[in-house]
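Could you slot chain B onto chain A? The hints should help.
Note that the protein sequences, when read in sequence, are chains A and B.
At position 423 of the first sequence (counting the first as 1) the number is 423 in UniProt numbering, and the numbers step up by one without a gap.
At position 98 of the second sequence (counting the first as 1) the number is 98 in UniProt numbering, and the numbers step up by one without a gap.
Hints were generated in silico from the structure; no laboratory data involved.
Given that identical chains are not distinguished, each listed pair holds provided it fits within a single copy or across any two copies.
With a straight-line cut-off of 20 Å between C-alpha atoms, the simulated DMTMM-like cross-links for lysine to aspartate or glutamate are:
| hint | residue 1 | residue 2 |
| --- | --- | --- |
| 1 | K68 | D441 |
| 2 | K68 | E444 |
| 3 | K264 | E236 |
| 4 | K264 | D367 |
| 5 | K324 | E127 |
| 6 | K264 | D276 |
| 7 | K274 | E320 |
Values in this document were obtained by computation on a predicted structure and should not be read as measured data.
There are 2 protein chains.
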Amino acid sequence: MAGTAHSGERRPLPASLVGALEERFGDRFQRGAAVLGQHGSSESHFAPVLPDAVVFAHSTDDVVALVKLCAAADIPIVPFGAGTSIEGNALAINGGISLDMSQMDTVLAVNAEDFDCVVQPGVRREELNLHLRDQGLFFPIDPGANATIGGMASTRASGTNAVRYGTMKDAVLSLEIVTPQGTVIRTARRARKSAAGYDLTRLYVGSEGTLGIITAVTLRLHPVPDTISAAVCSFETLGGAVDTVVQSIQCAVPLARVEILDTKQMIAVNRWSKLDYPEAPTLFFEFHGSAMNVAEQVETVKTLAEANGGSAFSWSNLPEERSKLWRARHEAYYAAVNMRAGAIGWATDVCVPISRLAECIAATHVDLETSSVPATILGHVGDGNFHVIFSIDPNAPEEMAEVEAINARLVERALAMDGTCTGEHGIGIGKQAWLVAELGDAVEQMRMIKRALDPQNLLNPGKIFAL
Amino acid sequence: MAGTAHSGERRPLPASLVGALEERFGDRFQRGAAVLGQHGSSESHFAPVLPDAVVFAHSTDDVVALVKLCAAADIPIVPFGAGTSIEGNALAINGGISLDMSQMDTVLAVNAEDFDCVVQPGVRREELNLHLRDQGLFFPIDPGANATIGGMASTRASGTNAVRYGTMKDAVLSLEIVTPQGTVIRTARRARKSAAGYDLTRLYVGSEGTLGIITAVTLRLHPVPDTISAAVCSFETLGGAVDTVVQSIQCAVPLARVEILDTKQMIAVNRWSKLDYPEAPTLFFEFHGSAMNVAEQVETVKTLAEANGGSAFSWSNLPEERSKLWRARHEAYYAAVNMRAGAIGWATDVCVPISRLAECIAATHVDLETSSVPATILGHVGDGNFHVIFSIDPNAPEEMAEVEAINARLVERALAMDGTCTGEHGIGIGKQAWLVAELGDAVEQMRMIKRALDPQNLLNPGKIFAL
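Only chain A is shown next, with the shape it has when bound in the complex (with noise of 0.2 Å):
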């Protein structure tokens, strides 16, 4: 059955496969130029690439359907959630159909005993929360895009709670997979833990939709806690910010967030969010506990902050004030990319030991600084996770060599760190290279195990590496 999909060319949709999708389908298989163009392009910098075909999934039947009529159209499936990763992950690169699972986006249970619940890939983060909020409970993963579940475990996503309530790795109990060859597994049962045979699900995790298409997602969630307390904290330098951060967790705070933004990402965030904070390099933090439990956090905290060149916390315990904070945070994406008028995004992440994360920033600003694309950085500093933002001239194609460049520079600093080319990004298209740099002759264990499940390389060709 090897093809096309293998091998990387683009073939039409056979009629026959748009007579039998037609007929299974109806209105839910679409080619209109607008949908074909909103699932043909991401929030980054990479070129549109159309898919021939759009199908809009509504339960795993659907999806097994869709599995098999393809497979022997040997038409290529690329699953595609809310559209915001970030790496090219959900581009149909070599064409076929783009698997619309944003409808299927029910909350099938919360089981509020066991501290999890079953939801549909297309359910998104934040109405996920809003869904939870009765039940004293929460989801914590926040990338900042309101990024389906199903995006979320496919990236293995994670962002500014991360550190103290882990990534998508962690979240993920238990998936339900739709097969290559269409056939429906369930890779864990819905206990807390397991040492039944593979780690399926953390396989499943963050495969990009290379392996197995999500069709149900089972996710541990935590208790709202009593009290929860935001502060933000500017420094004189971005190392006394990091420092701060090492310290207290060496000190074992268990934040809950702690992200930090150079002084250039804060200009833009009080540019875009009308916000008037310092601007200087600064750390947005989230306390969470008991009322006497966050106390004794932020007394410890503002010690370490105190002695190493912070000014005073600006506090925001009002959830609506914690809101516009964490706001301002989610939008710095907008706000960096929107520095020049016309501009596009293009965002990169690498990830390093936090005993490295000052010396990566320091080196990575003085890069920025002989750079004549504007850029800023922000990141989870206590992952030792960070984020470059790029806002280019999409006419000024010296613009796009100097950011692949510099982002080169980047990721080869944090791979001679003993750090990762991608924190929470994913490879997807962009970072293909850097996998071989950082994993060597891993990646030939990765290959093996996709022709393994997917011979026919049909779902999601040419992602994570080429075959």
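Chain B only, in chain A's frame:
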């Protein structure tokens, strides 16, 4: 190259391989009866199965050399750590070489600022914690036995601290692996998180040595808490004890350990460890945090315990008292087995959603009451995971049959509650049928991975599933 390993037929070591191993390993290649016997038995009820030889590895190069020689001769390799596994995970059921990793026991690096370390697989967890003690760090995973880190990674071990600190899937940041082709790979860099490709780290964790041989492990560490407090509390009913834990977790109390022991287990513990605890359903607690935070946790849990029929707390705050308390818990297995002179142990474990735990334990209790074989229940109640330990007369085959039937009912009960057939012991040879009952067609995906990565079925053949 498909041969004996794959087919499960046992074949003597070819003379050419014996010669090559003698030349390469000298007196680290052994075939004496005592050594074979030691590597052919386990702590549980499985009949001994001798390997054909034992090789003691001292380096990654040793492992590569052994893999290449055995691959050429088509002779299986079974990695061996401390021999403390429960489901026959390290028995050489198809013969071949038992690869003893216990002499690769060096702590290679401690990166205190990054809260991680790199160790050889033969390091044992107690020795690691001794090594870390001066640096204010500890490695929290504690399955009871003083297992090797490599063995713990291979079975996805967890234990008493998992409720707060997770299992080996959370503790392992990266692995060095020798593949069945003799290639050395590293599954991840030292960053705390990554979205770079398939999560090979967690594929190898829990794969019981069937996919690759672990030659180094990077572990996540934690700061030693300021205050550690341990307490024992007895209850009128098992249900009261379980409800106390469920409600504590709902109140977001970050319990560090919480262990349940039934009345029979308490009788056994008192007798074996010369203690005088009340002989009633009992919880062993440990609290970690700042002094103030621990006091607050304790206050919450005491109130809940009291409301659920709990006794006053008996405290063990001094390190030596705590050690005594946890030594009693760790010796619970031996205490249970030795309720009868000359008995051997059969330990099993299941894990269910915590909302079903009281019911699962209660039904199991009823089942055990009707049995002629003495048995105790103890478990990691915060995870929904518990063990049953039978004390069997090795000369009474009818007891083995009876225990098999009880074990079957236990696993069926757990599966019916959406639980798993093993929370932390692994599948080994003991739970292969239950793995299929639990995960159905997902097991075929596991087989496809095994066939792809180890087409010769060289590594620990016959474990987890038959090919």
